[in-house]
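S.K.: Spelled out, the chains give:
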Amino acid sequence: MSGRDAAPESYERGGWGTYLLLALFTAVSVFPLLWTAVAASRTSGRLAQSPPPFRFGRNLPRNLSVAWSEGGMGEALANTAVVAGSVAVGTVLFSTLAGFAFARLRFRLRGPLLLLVGATMLVPPQLGVVPLYLLVARLGWTDQLQAVVLPSLVSAFGVFYMRQHLRGALPPELLEAARMDGAGTGRVVWHLVLPAARPAMAVLGMLSFVAAWNDFFWPVLALTQTGNPTVQVALTGLGRGYVPDTSVVMAGALLGTLPLLVVLALFGRQIVGGVMRGAVKG
Amino acid sequence: MAEEVVERVLAPVVPAGRGRRERRERLGRLRSRSAPYVLVAPFFVLFAAFGLFPLVATAWTSLFRVELTAPEAREWVGAHNYARLLTDEFFWNALANTVLIGVLATVPQLLLALGVAHLLDARLRGRLFFRVAALAPYATSVAAATLVFALFYGRDQGMVNWAIGLVGLDPVDWQNGPWASKFAVASIVIWRWTGYNALIYLAAMQTIPHELYEAAALDGAGRWRRFRHVTLPGLRPALAFTGLVSTIGAVQLFGEPLLFSSGAGASGGADHQYQTLGLYLYEQGWVNLHLGRAAAIAWAMLLLLVVVFGLVRLARGRGAR
Numbered sequence: 000m001s002g003r004d005a006a007p008e009s010y011e012r013g014g015w016g017t018y019l020l021l022a023l024f025t026a027v028s029v030f031p032l033l034w035t036a037v038a039a040s041r042t043s044g045r046l047a048q049s050p051p052p053f054r055f056g057r058n059l060p061r062n063l064s065v066a067w068s069e070g071g072m073g074e075a076l077a078n079t080a081v082v083a084g085s086v087a088v089g090t091v092l093f094s095t096l097a098g099f100a101f102a103r104l105r106f107r108l109r110g111p112l113l114l115l116v117g118a119t120m121l122v123p124p125q126l127g128v129v130p131l132y133l134l135v136a137r138l139g140w141t142d143q144l145q146a147v148v149l150p151s152l153v154s155a156f157g158v159f160y161m162r163q164h165l166r167g168a169l170p171p172e173l174l175e176a177a178r179m180d181g182a183g184t185g186r187v188v189w190h191l192v193l194p195a196a197r198p199a200m201a202v203l204g205m206l207s208f209v210a211a212w213n214d215f216f217w218p219v220l221a222l223t224q225t226g227n228p229t230v231q232v233a234l235t236g237l238g239r240g241y242v243p244d245t246s247v248v249m250a251g252a253l254l255g256t257l258p259l260l261v262v263l264a265l266f267g268r269q270i271v272g273g274v275m276r277g278a279v280k281g
Numbered sequence: 000m001a002e003e004v005v006e007r008v009l010a011p012v013v014p015a016g017r018g019r020r021e022r023r024e025r026l027g028r029l030r031s032r033s034a035p036y037v038l039v040a041p042f043f044v045l046f047a048a049f050g051l052f053p054l055v056a057t058a059w060t061s062l063f064r065v066e067l068t069a070p071e072a073r074e075w076v077g078a079h080n081y082a083r084l085l086t087d088e089f090f091w092n093a094l095a096n097t098v099l100i101g102v103l104a105t106v107p108q109l110l111l112a113l114g115v116a117h118l119l120d121a122r123l124r125g126r127l128f129f130r131v132a133a134l135a136p137y138a139t140s141v142a143a144a145t146l147v148f149a150l151f152y153g154r155d156q157g158m159v160n161w162a163i164g165l166v167g168l169d170p171v172d173w174q175n176g177p178w179a180s181k182f183a184v185a186s187i188v189i190w191r192w193t194g195y196n197a198l199i200y201l202a203a204m205q206t207i208p209h210e211l212y213e214a215a216a217l218d219g220a221g222r223w224r225r226f227r228h229v230t231l232p233g234l235r236p237a238l239a240f241t242g243l244v245s246t247i248g249a250v251q252l253f254g255e256p257l258l259f260s261s262g263a264g265a266s267g268g269a270d271h272q273y274q275t276l277g278l279y280l281y282e283q284g285w286v287n288l289h290l291g292r293a294a295a296i297a298w299a300m301l302l303l304l305v306v307v308f309g310l311v312r313l314a315r316g317r318g319a320r
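One line per chain: the protein sequences are A and B, in this order.
If you're matching positions, the first sequence starts at 0 in numbering that gives the first Met the number 0 and goes up one per residue.
If you're matching positions, the second sequence starts at 0 in numbering that gives the first Met the number 0 and goes up one per residue.
Just so you know, these hints were derived from the structure itself, not from any lab.
All C-beta atoms, glycine included, are put in the ideal place defined by N, C-alpha and C.
Any given hint could be a false lead.
Just some of the chain A residues that point at chain B, by a computed CB distance under 7 angstroms [said to hold, decoys possible]:
#1 Leu-23
#2 Phe-24
#3 Thr-25
#4 Ala-26
#5 Ser-28
#6 Gln-48
#7 Pro-51
#8 Arg-54
#9 Phe-106
#10 Thr-141
#11 Gln-145
#12 Val-148
#13 Leu-152
#14 Thr-184
#15 Gly-240
Interface residues of chain B toward chain A, partial, derived using beta-carbon atoms under 8 angstroms [as the list claims (entries may be wrong)]:
#16 Ala-34
#17 Leu-38
#18 Phe-63
#19 Ala-214
#20 Ala-215
#21 Gly-219
#22 Phe-226
#23 Leu-288
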């Protein structure tokens with residue numbers, strides 16, 4: 000997504016060996032997902048036999064429906080949509096505002112605060128789960144979706160990502176001109192920052208959505224199978240025998256993964272670009 | 000430089016004036032001075048409450064005996080939770096497992112990603128397809144991936160044992176073998192993250208000017224030497240970044256060992272053979288309800304990270320000399 004994509008004639012053409020190896024890698028990447036669908040269309044009895052099935056069976060509708068109702072996947076999907084949607088919107092909003100301040104405004108605590116954000120990228124949030132749990136319990140939020148939404152809004156990556164983007168996309172001259180015209184901070188943010196940030200906001204939104212959808216450790220602690228489970232909590236329940244039927248467990252895994260695969264198919268180009276751009280600045 | 004210009008412009012110029020105009024301008028200056036803080040406030044309020052506070056409070060909590068069911072009735076025990084860990088065989092087991100599975104997962108993952116990135120760094124038809132497909136495992140959750148892999152690794156009916164049976168090898172007990180189970184758990188991590196890391200390396204490879212390769216080729220450098228002397232140096236920041244992120248991930252490994260076997264729960268296998276520190280934290284805190292001990296384990300995990308980063312720095316310093 001950088002210079003050399005624009006001028007492809009300057010580098011090597013992939014030979015058949017390259018295609019072969021890439022096809023192999025792609026097959027390995029996709030096979031477990033395909034087989035999840037195969038397993039979800041069989042019976043647990045068939046899944047307990049060797050050799051394993053490789054073709055689709057007839058039980059997909061039945062397994063999906065059991066996973067949806069008894070397995071709690073229907074409710075879990077709705078909950079996760081709320082969680083991942085809120086996290087994406089909130090992260091994008093807060094990261095954009097903070098990223099703009101760090102990119103283009105000068106204030107006394109800028110250096111120390113930026114350092115603080117950077118340091119949190121090195122310290123895993125998992126290390127804080129015990130007091131976080133006590134805090135959430137005291138607020139009466141166990142089994143409530145806000146218990147998993149609010150901590151996820153703290154994205155140091157998001158702040159750096161937006162800061163980096165706005166340093167490139169928001170020329171100082173533009174801000175200068177706006178100030179000359181007497182625009183206050185609110186109007187600058189609304190009319191200059193948000194339009195300039197839009198492409199990066201979209202990418203950050205998608206990456207945050209995927210991360211929140213798949214977030215595992217904290218939701219498993221804060222939510223329970225019978226409370227307000229997210230997809231990952233419900234799948235954990237299924238995997239630990241909540242519904243003792245392997246093909247139903249696979250149907251649940253399929254239901255929980257499908258929405259993100261659709262997102263990936265629709266916005267693949269942007270997500271690939273986001274992963275690649277997020278990394279260059281490391 | 001440009002920044003200085005902006006700052007000067009953003010702080011409104013206050014001409015010598017009087018009355019309402021002066022007041023308004025003073026108000027404007029005040030607003031503009033506090034504006035940056037207003038902009039960063041939403042992030043930092045949440046950060047303080049749900050990021051910084053829990054981290055700092057972990058140290059404090061680890062000095063108490065706290066039951067999950069009655070967190071208000073806590074009792075000061077000083078360093079007892081830490082002293083207990085030092086003589087706890089399950090803690091040392093979990094520490095060793097975390098390190099072993101971490102190495103088994105991280106090293107092949109990053110090497111494979113390097114290879115895949117090299118393949119992707121060519122003129123390809125269907126370039127976008129290969130890149131998006133490489134992210135399919137990244138879009139798959141830990142839970143969904145682990146549940147499928149657990150079936151693949153089943154002893155009697157699993158696809159892996161069926162496949163190695165085809166080439167005449169004996170079946171492996173992937174759930175119970177001390178090494179086999181660690182390898183199996185690590186393979187889930189490798190599957191999920193190789194493509195993601197490959198794209199990161201690819202991005203870095205594409206910033207290397209092509210002239211460097213041409214110059215190296217003119218000097219008679221073959222493929223391998225060009226990779227070694229042009230590509231690898233250009234990848235250093237990306238290598239450092241992925242190394243950092245995968246190490247942090249490896250120290251926190253939790254979902255894969257939790258769900259790898261449906262019966263094992265938080266014990267990490269019948270013999271704790273793949274119980275990681277993350278899983279042990281969960282078992283102590285949320286199964287045995289000892290939150291103080293769980294907090295002490297969290298600090299041990301932080302210490303492990305510090306030690307690993309320290310060793311890396313030391314090795315890098317040696318290498319540079």
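S.K.: Holds or violated: is the Cβ of A:Pro-51 closer than 7 angstroms to a Cβ in chain B?
M.R.: A:Pro-51 check passes; min Cβ-Cβ to chain B is 5 angstroms, inside 7 angstroms.
S.K.: Grab the minimum C-beta distance from B:Phe-226 to chain A and call the hint holds if it beats 8 angstroms, violated otherwise.
M.R.: violated (12 angstroms)
S.K.: Just to be careful: measuring from the Cβ of A:Gln-145 to every Cβ in chain B, is the smallest value less than 7 angstroms?
M.R.: Hint on A:Gln-145: violated, closest Cβ of chain B at ~11 angstroms, above 7 angstroms.
S.K.: Mind checking the CB of B:Gly-219 against every CB in chain A and telling me if the closest is under 8 angstroms?
M.R.: Interface hint status for B:Gly-219: violated (18 angstroms vs cutoff 8 angstroms).
S.K.: A closest beta-carbon separation below 7 angstroms is what the hint needs, so does A:Phe-24 meet it against chain B?
M.R.: Nearest chain B Cβ about 6 angstroms off; hint holds.
S.K.: Double-check A:Leu-23 for me: the hint is only fine if its C-beta lies closer than 7 angstroms to a C-beta in chain B.
M.R.: Violated - the Cβ of A:Leu-23 stays beyond 7 angstroms from chain B, reaching only about 10 angstroms at its closest.
S.K.: Can you verify the interface hint for B:Phe-63: is its Cβ closer than 8 angstroms to any Cβ in chain A?
M.R.: violated (10 angstroms)
S.K.: Should the interface hint for A:Leu-152 be scored as holding, given a Cβ-Cβ cut-off of 7 angstroms against chain B?
M.R.: Holds, because the Cβ-Cβ distance from A:Leu-152 to chain B comes to roughly 5 angstroms (cut-off 7 angstroms).
S.K.: Hint check: is the beta carbon of A:Thr-25 less than 7 angstroms from a beta carbon of chain B?
M.R.: Because about 4 angstroms separates A:Thr-25 from the closest Cβ in chain B, which is inside the 7 angstroms limit, the hint holds.
S.K.: When the nearest CB of chain A is found for B:Ala-215, is that gap smaller than 8 angstroms?
M.R.: violated (13 angstroms)
S.K.: A closest beta-carbon separation below 7 angstroms is what the hint needs, so does A:Phe-106 meet it against chain B?
M.R.: With a closest approach of 4 angstroms, the A:Phe-106 hint holds.
S.K.: For the restraint on A:Gln-48, tell me whether the closest CB of chain B is nearer than 7 angstroms.
M.R.: holds (6 angstroms)
When each numbered hint is compared with the structure, violations occur for hints 1, 4, 8, 10, 11, 12, 18, 19, 20, 21, 22, 23.
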